[in-house]
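Chains as they are written, first to last, in the numbering used here: chain A, 1 to 368; chain B, 1 to 368; chain C, 1 to 321; chain D, 1 to 321.
Treat the hints as calculated values from the structure; they're not laboratory data. Misleading hints may appear alongside valid ones.
Here are the computed lysine to any residue pairs in the SDA-like style, where the Cα-Cα straight-line distance is at most 20 Å [what the hints assert, rightly or not]:
1) B/Lys270 x B/Asp260
2) C/Lys134 x C/Lys290
3) B/Lys53 x D/His247
4) B/Lys41 x B/Gln126
5) A/Lys68 x D/Asp271
6) B/Lys128 x C/Tyr302
7) B/Lys269 x B/Ile303
8) A/Lys239 x A/Pro14
9) A/Lys128 x D/Asn131
10) A/Lys212 x D/Ser321
11) A/Lys68 x D/Lys167
12) A/Lys41 x D/Glu287
13) A/Lys68 x C/Lys187
14) B/Lys53 x D/Leu179
15) B/Lys269 x B/Ala213
16) C/Lys56 x B/Gln126
17) C/Lys290 x C/Arg278
18) D/Lys167 x C/Leu185
19) B/Lys68 x D/Tyr258
20) A/Lys53 x A/Arg23
21) B/Lys344 x B/Ala243
22) C/Lys207 x C/Asp52
23) A/Lys344 x B/Lys358
24) A/Lys128 x D/Glu304
25) D/Lys207 x D/Asp271
26) A/Lys270 x A/Glu242
27) B/Lys358 x D/Thr30
28) C/Lys290 x C/Ser274
29) B/Lys346 x A/Ser304
30) C/Lys187 x A/Gln63
31) D/Lys167 x D/Asn131
32) C/Lys134 x B/Arg38
33) B/Lys41 x C/Met135
34) B/Lys269 x A/Gln299
35) A/Lys65 x D/Met135
Just so we're clear, the structure is a prediction, and the values are computed from it rather than from any experiment.
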Amino acid sequence: MFTQAEEIKAHAGPQKTGTRLIRYVDALREAFEEEMARDPKVFLFGLDVDDHKGIQGSTVGLQEKFGKDRVFCTPLSEDAMTGVAIGAAIAGYRPIHVHIRMDFMLLCMNQLVNMAAKSHYMYNGQVKVPLVVRTMIGRSWGQGGQHSQALHSMFMHVPGLKVVAPANAHDAKGCMIAAIRDNNPVIFIEHRLLYSTEGYVPTQPYAVPLGKARILTEGSDITIVAVSHMVMEALRAKKHLEAIDIQAEVIDPVTLWPLDMDTIMASVKKTGRLLMIDNAWLTCGASSEILTRAMEICQEEAISMPALARMGFAPTTCPTTRPLENLFYPDGRTIAVKAYQMIKGKQAKGWEPPVSAKTEIDAFKGPF
Amino acid sequence: MFTQAEEIKAHAGPQKTGTRLIRYVDALREAFEEEMARDPKVFLFGLDVDDHKGIQGSTVGLQEKFGKDRVFCTPLSEDAMTGVAIGAAIAGYRPIHVHIRMDFMLLCMNQLVNMAAKSHYMYNGQVKVPLVVRTMIGRSWGQGGQHSQALHSMFMHVPGLKVVAPANAHDAKGCMIAAIRDNNPVIFIEHRLLYSTEGYVPTQPYAVPLGKARILTEGSDITIVAVSHMVMEALRAKKHLEAIDIQAEVIDPVTLWPLDMDTIMASVKKTGRLLMIDNAWLTCGASSEILTRAMEICQEEAISMPALARMGFAPTTCPTTRPLENLFYPDGRTIAVKAYQMIKGKQAKGWEPPVSAKTEIDAFKGPF
Amino acid sequence: MTDQIVVARLYKTMLLIRQLELRIAEIYHTDAIKSPVHLSVGQESIAVGVCDPLEKDDIVSNTYRCHATYIAKGGDLFGMMAELYGKSTGCAGGKAGSMHLVDIKNGVMGASAVVGTTIPVATGYALAMQNEAKMTGRQRVVVALCGDGGTEEGCFYESINFAALRKLPIIFICENNRLAIHTPLEKRWATNQLCERMSTFGIQTHKIDDADVFKIRDTMINALAEIRHGTSGPIFIECATYRWLEHVGPLDDHYDDYRDKNTYQLWQDNDQISRLARMLDDQVRMEIEKEVTLTIAQIEKYAEESPYPAAEELYTHVYAS
Amino acid sequence: MTDQIVVARLYKTMLLIRQLELRIAEIYHTDAIKSPVHLSVGQESIAVGVCDPLEKDDIVSNTYRCHATYIAKGGDLFGMMAELYGKSTGCAGGKAGSMHLVDIKNGVMGASAVVGTTIPVATGYALAMQNEAKMTGRQRVVVALCGDGGTEEGCFYESINFAALRKLPIIFICENNRLAIHTPLEKRWATNQLCERMSTFGIQTHKIDDADVFKIRDTMINALAEIRHGTSGPIFIECATYRWLEHVGPLDDHYDDYRDKNTYQLWQDNDQISRLARMLDDQVRMEIEKEVTLTIAQIEKYAEESPYPAAEELYTHVYAS
Ligand SMILES: Cc1ncc(C[n+]2csc(CCOP(=O)(O)OP(=O)(O)O)c2C)c(N)n1
Ligand SMILES: Cc1ncc(C[n+]2csc(CCOP(=O)(O)OP(=O)(O)O)c2C)c(N)n1
Ligand SMILES: [Mg+2]
Ligand SMILES: [Mg+2]
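Produce the entire structure from the sequences given, and follow the hints as far as they go.
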């Protein structure tokens, strides 16, 4: 009921002049290519970046173009390699370090939290750590408990780190360029299911400033804030809701830290309802923070409290079997039902959105 | 103006029969001694557990009593040693693994999050991980950015882990016994400034069930929920507020996950105000979660929204110099002012609580 | 001449591993198995040579590439296949998939998908067994397998040091197929001197460079004897091998040209399964082959016919009671 | 006979370290320094032997026990003392304290309080310098110091492997005082063969067991020459030493009886500062001693008189612009 092409439009609007339709993964590759050509201090490394698959294609051809000093693979040593990235950044380089799963970042938390996040402050501005950590998250296809986590809230928690999770090709490229140019460590979250989605991307160089949320669709009845791949699910939900005359305003925060609460609150003030869909667990998550901030702002400004709700991963480890996995994640239909209930009241159980046509999840044959 | 003896009473009430006044650190040591005597599968290990200082005294004498197989130090290898603890737990033992700073746990996040938290679920109940991870947090005395973090929210975020942070001797012993007997990985957070505080502790064996909050003082005007050492600051604030006829109900969640929202909400329904004081950063923290849950519960039960607010660490790395360090933390006075403003309105700036007498912070000569 | 009973037993297990994995590869495109599979085709002699001399209550810990060791250690086959199918009868109720096979009853510790992660966990298991033996007088042994890539993780060194320091009853095996995904050893190891490095921890090491299943088994028999009698702490064994198929998934990916086809040919010529087949009477061999085929058909049917877990299973076993 | 100018220079730096640290110990009880101090008293010859041959733009990375190397590398003394006092004129504006001394201008990378953590960071700095040298033609070198305890962290091995693999311009120094807090080496290391282990990574190693400042310096001079001329990748040097005072804080803690007093005596007899003093003319020696005393008085006064940071400093430098 909601094709990929439609989704793209929903993301990127109608084609503007000076843009072309490219995939998220290619948008990323362009960002690396342009920035590495622009600044000789930029380099890219990590497991598998120089093999023939090139991180789902996002790094293909870069070693040929920029050489083995600037694009190279490493041993399986996440902890030390993160330290290496930090050291090179302190020395004035601009490393991009890649993890093919966010779960593996649990091995380098010490370097990221104790060194990368703190060096600029602790050494009183004497050093900077202009580091980009690319980290892939995924869903589905039986990846299981250790290959499915989205841990952005752990990084949002720590002062000194920035966190970005673009949900379309345009923002993927623009935010990557901004992240590379940023003088702080930036955790850059890429969702595998988004890699093959297409979007209109400018032919001219551009950066998407970090810290700005994006309003994807306007609507007056409810504000749905969704993270990463959940943006696509929220857009599906929006379609479902439209069919019964409910207009949802879908917002993609794009940057998770610093968080653009202004854009979110402007919308919430209009709709009176905020439904936050995280692509992660709820407890102490981005959802807790966004709802708390919304509530705090309403109190500060003495405006009446909107209806507030959230959805995210089930509070369990992610199971591999498809029937349970499907229950683990919010999707367009469960989001639509939740929004419907926020508007019509919890008892309003009469409505069920139709089962969606095939989505990128069904099309996905595994990242394997 | 608020002596330590008074604080103890505030914590433990008047002496009950069958109790004696002992220090937090000794209460912990008793827990180990009793549980190790009761169950030969319990063992305790980690850096420095068997030196003459014995983890601030909490492990002194245990190796003499239980031998080198059950009490031993390790190499500086936090990551592997955590795996070792998990493996022994899977094999049916009950390890207690010690970290002298919570900051060092960033080195073993992979083992804790990817293995300890997930094994029971992922292997569908076939294995259990009855593991206690003791971890010390601190404040003050110029410990700086890498020796001051309280990262409980990272662990609360992950299904499969339990998190406890007792704030008095009674709960320290009782929760430790419960944690040792629990069949799940429990992150057990001990605050260094609490080690020398005394409380009434039963002479008979007992356990404090995990997942139950404790109401420390009753009051009708505002509910103050405080974590770990912030409980002492909240009790100081309560004293300040009493002087101007404001009655605060101070609640210690004791267990941070699972969270006892029932006790908190019963209080909030009475007072109409919830001020959450975390001993950590705010963003995506325990404070976000508790305020969001409070708001969700009010919505679910269709009761009017209480005033909600939070305080915690400044959103910076912790500086070492005393003047900045003092600003980094909430204290009895800043908490009291915040509570006062929640009740009297933000403009009510007229009131300033008197400067406190020496506290345990001033008395502290460094953990060094 | 090697004992025919042993040859037959080794052949049967290795063939079962090979055929079952090839069958998995065959049906993979149907999406009956919606979970990444890391096949061990070509590497079977390590799993079987290592596990054959183990007792049922010895413990094996392995990686996401765990089918071979799970089978060789005596893991329940029905539970394995059902697990791959995501069925409630799976060894982990369908929650774990191919990368996390587990069978505690038969001494399979529970595999992990994060490289290196099980090495310290296995070390902790060995610590428990060392203590247990002081009560029972009987020394169970842990075998911790990892890939060449696994040895690059810091926790590998930390674990070896600790195991050597405390003389733990554990055998570390490195299955060195010289690849981590597509990246050759040369891009990851400063030198090839892994065994030399391990001996600086004061432990016995063995390097077996031809995947000879008898050599592996004999080395294990001696190692186990020493550990059980308390005359040795940890022992380290490096076994060269070759992965015939792609890193993950069902295909032969030699067309991707990231590795040398001559080397592949050498390893195929050295295939231990063909070698054992040649050592057996035709009669015995065909018996075994029939049995293996039958077993695979049975477990496949079982997996197919088993039900998926019910929705409420999502919330079971989050916390242990 | 060793060049008197060199002897005088080494003596002066070592004496400055010793006297400044002893002065810190003396005033510590006043709480002017509200920050944990890990003193290097007794270990000065390593810092000075290692740093003396370095260029200003070479880089030293160290641990929380960083006063000695900070001073030896030419770190600003006023900034150091003010930092200990938590003053705004400190090398990190009072935000870092004793454990995180930094002086990038003089090649001090910024110390960390988490054991092992700076080892990979230094390795990354060396990677940057390797690349930089391809542009500039001039090879700067990184020296990464860690304690014996630091070598037990996984990242130590990961860093060595990577540095060796890429032949990075880095010298790893292990200051082996055989203690981690109060825990002796025997409880932490499976064997003593650290240098042997390091050479299995294909790198040059040196073991210096008497803390002889000239031996250390000569070893460094040769190592630097090889690395600057591109004939060697990383080099590993293990230096034995002895910590005279307690792990953290101002006291001699031999009364705590966790270490051997005879060993202490041997190391005191071998004190490199007294040795150098004996090698110098009385005149020269007294000159130096006077100068050192004066310097210490000056920086102490500076630290005392400097203001504390203003409240708004709490929020500066959280993010870089
Ligand atoms: C900590 C970690 N880093 C990276 C990965 C991604 N990854 C999966 S398998 C693999 C290669 C491992 O190679 P090796 O240990 O030699 O095992 P093999 O696949 O050859 O059996 C990598 C890098 C991972 N799963 N875990
Ligand atoms: C990762 C980590 N674990 C534990 C500690 C606590 N700790 C501080 S110093 C120290 C001993 C380190 O010994 P060594 O590396 O030999 O250095 P030394 O103090 O002897 O100079 C320990 C265990 C720490 N700071 N960081
Ligand atoms: Mg391999
Ligand atoms: Mg030491």
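### Query
Quick check: which numbered hints come out false for this structure?
2, 5, 6, 12, 23 and 24
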